[in-house]
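Residue numbers (our numbering), protein chains in the order written: chain A, 1 to 387; chain B, 1 to 387.
Careful, some of the hints might be misleading.
No copy labels: a pair is met if it fits in one copy or bridges any two.
[To be verified] Straight-line Cα separation of at most 25 Å, SDA-like style, residue types lysine to any residue; simulated pairs:
| # | residue 1 | residue 2 |
| --- | --- | --- |
| 1 | 288 | 32 |
| 2 | 329 | 240 |
| 3 | 152 | 286 |
| 4 | 327 | 115 |
| 5 | 134 | 30 |
| 6 | 327 | 296 |
| 7 | 134 | 117 |
| 8 | 139 | 116 |
| 9 | 142 | 118 |
What the hints contain is simulated information worked out from the structure, not anything from laboratory work.
Protein chains: 2
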Amino acid sequence: MVVGLVEKAVPAAKSTVSSAVKKPTSLSSDPIINVALGDPTIYEPYWKKMGDSYFCNAMNLCWFLLPELDNAIRTLHRVVGNAMVDDDRFIVVGNGSTQLFHALLYALSSPDLPEPINVVAAAPFYSSYPEETKFLQSKLYKWAGDANCYDKDEPYIEVVTSPNNPDGSIRGTVVNREGSKAIHDLAYYWPQYAPITSKADHDAMLFTFSKATGHAGTRIGWAIVKDKVIAAKMVKFIEVSSIGVSREAQLRAAKILGVIADDCRNPDHKGENLFQYGRRLMSERWGKLREVGMKSNGVFSLPKYPRDYCKFTGEYTDSNPAFAWLKSKEGLNCENLLRDKSKIITRGGPSFGVDSTYTRVSMLSRDVEFELLLERLAAIKGTVNGN
Amino acid sequence: MVVGLVEKAVPAAKSTVSSAVKKPTSLSSDPIINVALGDPTIYEPYWKKMGDSYFCNAMNLCWFLLPELDNAIRTLHRVVGNAMVDDDRFIVVGNGSTQLFHALLYALSSPDLPEPINVVAAAPFYSSYPEETKFLQSKLYKWAGDANCYDKDEPYIEVVTSPNNPDGSIRGTVVNREGSKAIHDLAYYWPQYAPITSKADHDAMLFTFSKATGHAGTRIGWAIVKDKVIAAKMVKFIEVSSIGVSREAQLRAAKILGVIADDCRNPDHKGENLFQYGRRLMSERWGKLREVGMKSNGVFSLPKYPRDYCKFTGEYTDSNPAFAWLKSKEGLNCENLLRDKSKIITRGGPSFGVDSTYTRVSMLSRDVEFELLLERLAAIKGTVNGN
């Protein structure tokens with residue numbers, strides 16, 4: 001067996017540490033001593049708390065993932081039915097799904113390619129993807145814009161967000177060439193936002209605690225990955241970026257995801273589970289917003305979504321996206337209009353790769369703010385007509 | 001005033017959100033509504049817990065830093081006297097100091113330079129710096145090796161670790177040209193490892209919870225930064241990388257740092273505070289290791305450190321570094337020797353930019369492992385002589 005003392009964990013060291021994590025104090029007569037790293041276990045007696053070290057589960061490919069969180073994630077996906085989480089899928093935890101997006105760019109690119117790999121997404125796309133991709137001016141990958149216009153005969157990664165941010169549409173890849181690579185960002189594929197029509201089963205899928213439960217201050221995201229090599233590269237990325245993910249946040253996320261899953265499965269549950277609660281709220285808000293939209297005399301309009309059968313709720317349900325994607329009359333700048341006429345700050349179409357008749361409005365605000373938003377939007381018609 | 005709903009926080013949005021964080025429910029008659037972002041505050045009633053959003057302190061430059069942690073960090077540095085933390089210094093929290101190292105590379109580099117800025121450190125240097133610098137093949141910065149050999153007439157960033165990892169030496173910059181930029185990694189500048197001779201007061205200093213207290217699983221590091229522009233760029237980096245730092249980890253770190261500071265200041269404290277405890281342990285271990293080293297008949301030797309007056313303890317103290325920097329006889333490969341003869345895994349000199357007669361041994365293991373290490377090292381002399 002092996003005794004492990006780790007400083008900054010590296011994959012090469014992982015296998016030698018495994019046994020130490022399992023049996024830190026019972027040493028066989030002739031163990032290997034690993035003092036190559038510097039895991040500060042020396043202070044354990046002071047803190048009277050065994051096992052605070054860099055490693056959460058040295059047996060696992062993702063050695064910084066707490067087993068409790070791994071279990072909670074898989075259980076919740078099984079209960080909700082929104083993603084395939086069979087045992088051969090790898091879960092990689094990150095400091096929010098943002099870090100995992102970076103990790104996937106790294107994992108799907110290759111230092112052997114002569115040019116950076118192109119990263120594309122169909123417009124309107126999440127406004128942070130271009131910035132996140134360009135940020136460090138990596139030679140590994142580069143932002144290449146709207147996937148709908150992509151015509152280069154070069155390797156690429158397509159980022160697919162479904163339901164999409166900003167417009168709530170259900171999406172698949174649009175480029176579809178042989179050997180393509182894709183990142184499926186499923187942050188909003190939960191019953192409060194959209195009907196759960198099937199278990200998503202893509203090569204690399206991203207989820208985030210913040211959009212599922214509202215706990216944005218707990219920086220926990222996870223990837224579900226089919227290919228071990230890709231998962232291992234992601235783990236490497238998170239090692240080099242931040243040496244894993246805080247176990248306090250993982251523990252809290254595990255508890256909360258567990259509570260939600262238990263709630264959903266409890267036949268005696270009297271109240272609503274989180275998804276029922278969220279869906280009711282979102283549905284009410286969307287109803288109110290659509291009413292205001294219809295009375296706006298075309299000043300702004302909203303997308304329509306197909307009703308679909310949700311396997312989680314067992315009924316046909318509407319999409320109630322986390323953002324409303326407003327389109328104003330042609331010739332109007334929707335973001336400026338809302339800001340100047342109504343003191344409503346939104347994010348305009350150009351941030352998402354489309355024209356300025358569009359703007360994105362959060363549907364996840366507090367009640368008092370949302371009601372005020374409705375009031376302002378209802379009043380805007382007169383303002384614009386009187387302009 | 002402003003009502004703020006934020007998705008991924010961006011500096012531009014920060015000022016409009018501030019008031020919302022202060023007064024989220026009392027709206028004046030004509031507030032600005034910020035629905036540009038998507039902070040999921042909608043679920044607050046369900047969680048019956050106000051204020052879980054991306055923002056910890058929207059009034060602060062580092063908007064994801066919990067005020068409790070900011071206070072705890074400054075208080076502990078004041079109690080220990082190891083760093084200047086006047087109110088004009090900016091604290092930036094990160095997912096471990098590793099993320100802050102990346103953030104500083106970003107903050108100290110410039111997209112306007114024609115070439116990547118050179119990153120150097122005097123050998124032996126921390127073995128992760130080269131990997132962290134090269135990792136994403138950024139066009140902003142590149143690894144340029146041993147600072148002692150740096151002779152290019154180009155901009156550079158010098159990384160200074162003091163006490164140094166791996167060799168425990170107290171260090172300053174070695175290149176010292178006009179307009180130079182430096183990152184001071186002070187992870188080990190705590191009383192258990194070295195005498196605290198003065199308040200460190202560099203432009204950008206890094207500290208990490210894991211080395212100060214041993215809580216490596218809590219991914220919390222912090223930077224103390226003089227220049228607001230640099231601090232703001234670091235905040236931007238952490239936004240784009242991970243949208244901040246989990247508040248659970250920050251809360252726990254704040255509590256623990258607070259306990260330590262209180263312990264240190266308590267005149268009625270009967271036992272040892274963490275630093276006294278740590279220093280006693282480290283001093284005992286170093287005593288034992290030196291004894292083994294002296295009896296090794298020159299098979300390996302250890303660095304000597306000057307005794308110095310520690311202002312924290314009020315006495316002359318020794319350095320007791322977190323790593324032992326072993327040097328074997330000329331012609332021997334120290335890492336291979338320990339591995340092959342004694343089943344001791346260490347990290348050899350070449351990882352740190354020097355020759356293979358050196359190797360690094362963690363001094364922060366559990367007691368049972370450390371005792372075994374001593375036994376093996378004591379036995380090695382016979383093994384080598386009989387070779």
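Within, between, both or neither, where residue 139 and residue 116 count as close if Cα-Cα is 25 Å or less
Answer is both; intra-copy 5 Å and inter-copy 12 Å each pass.
Homo-oligomer pair classification [residue 32, residue 288; C-alpha up to 25 Å]: between (66 Å within a copy, 20 Å between copies)
Treating 25 Å as the Cα threshold, decide for residue 329 and residue 240: within, between, both or neither. Answer is neither; intra-copy 48 Å and inter-copy 33 Å both fail.
Inset, instruction - State whether the alpha carbon distance between residue 327 and residue 115 is at most 25 Å within one copy, between copies, both, or neither. - result: neither (38 Å within a copy, 43 Å between copies)
- Given a CA cutoff of 25 Å, do residue 134 and residue 117 count as a within-copy pair, a between-copy pair, both, or neither? Cα proximity of residue 134 and residue 117: in one copy and across copies (12 Å, 18 Å).
If the cutoff is 25 Å on CA atoms, where do residue 134 and residue 30 land: within, between, both or neither? Let me know, please. Result: close neither inside a copy nor across copies, 51 Å intra and 38 Å inter.
Check residue 142 against residue 118 for me: Cα-Cα at most 25 Å, and say if that holds within a copy, between copies, both or neither. both (5 Å within a copy, 22 Å between copies)
Self-check item: Homomeric proximity label, residue 327 with residue 296: Cα distance no greater than 25 Å
Solution: Only inside one copy: residue 327 and residue 296 sit 12 Å apart there, 79 Å across copies, limit 25 Å.
Problem - Same-copy or cross-copy closeness of residue 152 to residue 286 [CA-CA at most 25 Å] - result: neither (40 Å within a copy, 62 Å between copies)
In summary, the structure is inconsistent with hints 2, 3, 4, 5 from the numbered list given earlier, while agreeing with the others.
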